[in-house]
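Q: Given next are the chains, with one letter for each unit.
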Amino acid sequence: AQKVTQAQTEISVVEKEDVTLDCVYETRDTTYYLFWYKQPPSGELVFLIRRNSFDEQNEISGRYSWNFQKSTSSFNFTITASQVVDSAVYFCALSEAQDSGYALNFGKGTSLLVTP
Amino acid sequence: SAVISQKPSRDICQRGTSLTIQCQVDSQVTMMFWYRQQPGQSLTLIATANQGSEATYESGFVIDKFPISRPNLTFSTLTVSNMSPEDSSIYLCSVLPGQGLNNEQFFGPGTRLTVL
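Protein chains in written order, with the working numbering: chain A, 270 to 385; chain B, 1098 to 1213.
One chain only, chain B, in its complex shape:
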């Protein structure tokens, strides 16, 4: 299994500012993902955080808006840049510890972001 922590757990930010969310895992993991959950909605994949290379973004998400770092196998950050109220969401980090599909994907507790 994997234990995941996220910082901050919640924040209230002003529009136009940026917030960096940290995801820390207690063990080395193969894959890390960032998801967004807008109020009352499902989870949508933002990007796959690749260790040592640029993140792979899903359609509708761009690096300038959501820059991602993954300096090692246990840590990643997601920055929400130039925020607007539409960015108010829960942002969740998830990890896939092993290789392939035959593994449970673990989720962090999420970061609840409100943009005023």
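Next comes chain A alone, as it looks inside the complex:
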């Protein structure tokens, strides 16, 4: 069963628009971590954020912000004032101690295209 769902397959926005990437996860563990990674066209995986299950504080880093809500099992990612360089595939991932031995369960990814 898919543990991480990224319902948006592709999103296209115009530069300077705000965009939110959705991530819904499923776990029975009480201790887990959630991640976002960026994969630009070059292919490497770029770590963006890690959030543990006990810390529901939202986080902002520059134009990026994350909204973690355990009540809805969601960990959404917002890019404010998007730029062309934000074009990439974004992956949400879940790490659980019990089921996966700390390996990452990835969602299918959301491909973001930012046009000038």
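Keep in mind the hints are simulated off the structure, nothing from the lab.
Glycine residues also receive a C-beta, built at the ideal position from the N, C-alpha and C atoms.
Possibly wrong hints are sitting among the right ones.
Label-pair distances were calculated between CB atoms; the ranges are [unchecked claim]:
1. B:T1127 / A:E325: 21 to 31 Å
2. B:V1100 / A:Q338: 32 to 42 Å
3. A:V353 / B:T1114: 39 to 49 Å
4. A:N321 / B:L1170: 19 to 29 Å
5. B:G1137 / A:K285: 25 to 35 Å
6. A:E286 / B:S1150: 27 to 37 Å
7. A:E295 / B:G1157: 11 to 21 Å
8. A:S343 / B:S1124: 33 to 43 Å
9. B:P1168 / A:E286: 48 to 58 Å
Residues on chain A that point at chain B, a partial pick, calculated with CB under 10 Å [said to hold, decoys possible]:
10. V273
11. Q275
12. F304
13. E313
14. V315
15. F316
16. Y333
17. Y371
18. N374
19. K377
20. S380
21. T384
With chain A's structure known, arrange chain B on it following the hints.
A: Same frame as chain A, but now just chain B:
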């Protein structure tokens, strides 16, 4: 942090042959993982490479097809055996430097494999 290198970075192989991918880390790490990313798809965990014992494979992956070695805490290999075009993917090594979930998982640059 951890710096990870993979060899080769890319290769084109004929069906029926085998390719061994190397993953080298610049420091000793607790856990190492191998992932596969098929074209246009998400990352899927192949196995956890265990130091000094047999790798732990995920459902759908078997040792005969993807033998893994991990002779020490800084090095692992993944072999893709008896290749077919369906094995064309990016293969990524990742590491978890510390104990538990409270660590960032680092990814190597990947090995881009094309099977003709």
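Q: Taking the beta carbons of A:E295 and B:G1157, is their distance inside 11 to 21 Å?
A: 20 Å, holds
Q: Could you say whether the range 48 to 58 Å given as a hint is met by the Cβ separation of B:P1168 and A:E286?
A: 50 Å, holds
Q: For the hint 27 to 37 Å, verify it against the beta carbon of A:E286 and that of B:S1150.
A: Violated: the Cβ-Cβ distance is about 51 Å, outside 27 to 37 Å.
Q: Taking the least C-beta to C-beta distance, is A:F304 closer than 10 Å to chain B?
A: 7 Å, holds
Q: I want to verify a distance hint. Is the separation of the beta carbons of A:V353 and B:T1114 within 39 to 49 Å?
A: Since A:V353 and B:T1114 have Cβ atoms about 40 Å apart, the given range 39 to 49 Å holds.
Q: Can the suggested window of 21 to 31 Å be confirmed for the beta-carbon pair B:T1127 and A:E325?
A: For A:E325 against B:T1127, whose Cβ atoms are near 27 Å apart, the range 21 to 31 Å holds.
Q: Answer holds if the nearest beta-carbon of chain B is closer than 10 Å to that of A:Y333; otherwise answer violated.
A: 16 Å, violated
Q: Is the interface hint satisfied for A:N374? The criterion is a beta-carbon contact with chain B at less than 10 Å.
A: Because about 8 Å separates A:N374 from the closest Cβ in chain B, which is inside the 10 Å limit, the hint holds.
Q: Do A:N321 and B:L1170 keep their Cβ atoms within the hinted range of 19 to 29 Å?
A: 25 Å, holds
Q: Would the stated hint for A:F316 survive a check requiring a Cβ distance to chain B of less than 10 Å?
A: 6 Å, holds
Q: Verify the interface restraint on A:V315: the C-beta must sit less than 10 Å from at least one C-beta of chain B.
A: OK, holds: A:V315 within 10 Å of chain B, min 9 Å.
Q: Grab the minimum C-beta distance from A:Q275 to chain B and call the hint holds if it beats 10 Å, violated otherwise.
A: 9 Å, holds
When held up to the earlier numbered hints, the structure conflicts with 6, 16 and 21 and fits the remainder.
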